[in-house]
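So that you can map any letter, position 92 of the first sequence is 79 in the numbering used here, and since no number is skipped, the others follow by simple counting.
Source of the hints: derived by calculation from the structure; they are not laboratory data.
Fair warning: this is a prediction, and the values are worked out from it, not measured in the lab.
Careful: at least some of the hints might be erroneous.
[To be verified] Pairwise CB distance ranges (calculated): (1) Glu67 / Gly108: 31 to 37 angstroms; (2) Glu67 / Thr17: 35 to 41 angstroms; (3) Ala18 / Ser126: 16 to 22 angstroms; (4) Pro152 / Ala64: 39 to 45 angstroms; (5) Val101 / Ala64: 16 to 22 angstroms; (6) Gly37 / Gly120: 27 to 33 angstroms; (7) Pro77 / Tyr36: 37 to 43 angstroms; (8) Thr66 / Ala96: 21 to 27 angstroms; (9) His39 / Pro139: 21 to 27 angstroms; (10) Pro121 / Pro74: 34 to 40 angstroms; (11) Gly146 / Gly(-10): 37 to 43 angstroms; (12) Ala64 / Arg16: 33 to 39 angstroms; (13) Arg6 / Val124: 35 to 41 angstroms; (14) Glu135 / Thr35: 36 to 42 angstroms.
Just so you know, even glycine gets a beta-carbon here, dropped at the ideal spot from N, CA and C.
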Amino acid sequence: MHGEVRLRLTEVEAYDGERDPASHAWRGRTARNAAMFGPRGHAYVYFTYGMHYCLNVVTGDEGTASGVLLRAGEVVAGTEVARARRPGAPPRDLARGPARLTKALGVDANQYGVPLLDPAGELRLERAGDTPGPELVSSGPRVGVSREAERPWRFWLTGDPTVSPYRPAVKRRR
DNA sequence: CGGTTGATTATCT
DNA sequence: GATAATCAACCGT
-12 MHGEVRLRLT EVEAYDGERD PASHAWRGRT ARNAAMFGPR GHAYVYFTYG MHYCLNVVTG
48 DEGTASGVLL RAGEVVAGTE VARARRPGAP PRDLARGPAR LTKALGVDAN QYGVPLLDPA
108 GELRLERAGD TPGPELVSSG PRVGVSREAE RPWRFWLTGD PTVSPYRPAV KRRR
């Protein structure tokens, strides 16, 4: 959650640090990905496509650079605030996609590197209820990555309407 | 519906 | 100079 807006996560995607060709950390540490190499439980926020922010949770030990991209969620509190940030969006689309999620939450470069497990933090990750069992979770190829897209490291709640529509990675023309 | 395209810039080659 | 862990608008069917 961030401020008044609370999300129930429905879709995430994993990246395996420097060993993973699809990871931002693949070519080693840079100014942009420095937070991925930091302690687990902190935020790695990146800016892409000239206009979007995406939010990751750092999951590996310090120096490891693994992370999980938060791809989608269902807004369960603070709907008014989220709707004001995404005017015109149908309720189920408020956080349906990694950039939509940060927009609805109000996350941007200001949250780069902040701790997510601090109960006093504005932006934080909380456990709510039991971890869903395998019968409720699906997995498949990651989205938008051109290398190693076949790794089935995107996970989502089966049948949940707030999961982002699957779009296979394609080479862009120009 | 589904497919295509422009937006817009930090980052890396 | 090209690309990118994307989105929304716009097309034709």
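Within 21 to 27 angstroms or not, the Cβ separation of His39 and Pro139?
holds (24 angstroms)
CB of Ala64 to CB of Arg16, is that within 33 to 39 angstroms?
holds (37 angstroms)
Evaluate the given range 16 to 22 angstroms for the C-beta pair formed by Val101 and Ala64.
Roughly 20 angstroms apart at Cβ, these two residues keep to the hinted range, so it holds.
Can you let me know if the beta-carbon spacing of Glu67 and Thr17 is within 35 to 41 angstroms?
holds (38 angstroms)
Is it true that Pro152 and Ala64 lie within 39 to 45 angstroms of each other by Cβ?
Hint violated: Cβ distance 25 angstroms, outside 39 to 45 angstroms.
Taking the beta carbons of Gly37 and Gly120, is their distance inside 27 to 33 angstroms?
Since the Cβ atoms of Gly37 and Gly120 sit about 40 angstroms apart, the hinted range of 27 to 33 angstroms is violated.
Range first: 37 to 43 angstroms. Now tell me if the beta carbons of Gly146 and Gly(-10) are that far apart.
violated (30 angstroms)
Between Pro121 and Pro74, does the C-beta distance stay in 34 to 40 angstroms?
holds (38 angstroms)
Range hint compliance [Cβ, Pro77 to Tyr36, 37 to 43 angstroms]:
violated (22 angstroms)
Distance restraint hint 16 to 22 angstroms, applied to the beta-carbon atoms of Ala18 and Ser126:
violated (32 angstroms)
Given a hinted range of 31 to 37 angstroms, is it respected by the beta-carbon distance of Glu67 and Gly108?
With a Cβ separation near 22 angstroms, Glu67 and Gly108 fall outside 31 to 37 angstroms, so the hint is violated.
Per the hint of 35 to 41 angstroms, is the separation of the Cβ atoms of Arg6 and Val124 within bounds?
Since the Cβ atoms of Arg6 and Val124 sit about 24 angstroms apart, the hinted range of 35 to 41 angstroms is violated.
In summary, the numbered hints that this structure violates are 1, 3, 4, 6, 7, 11, 13 and 14.
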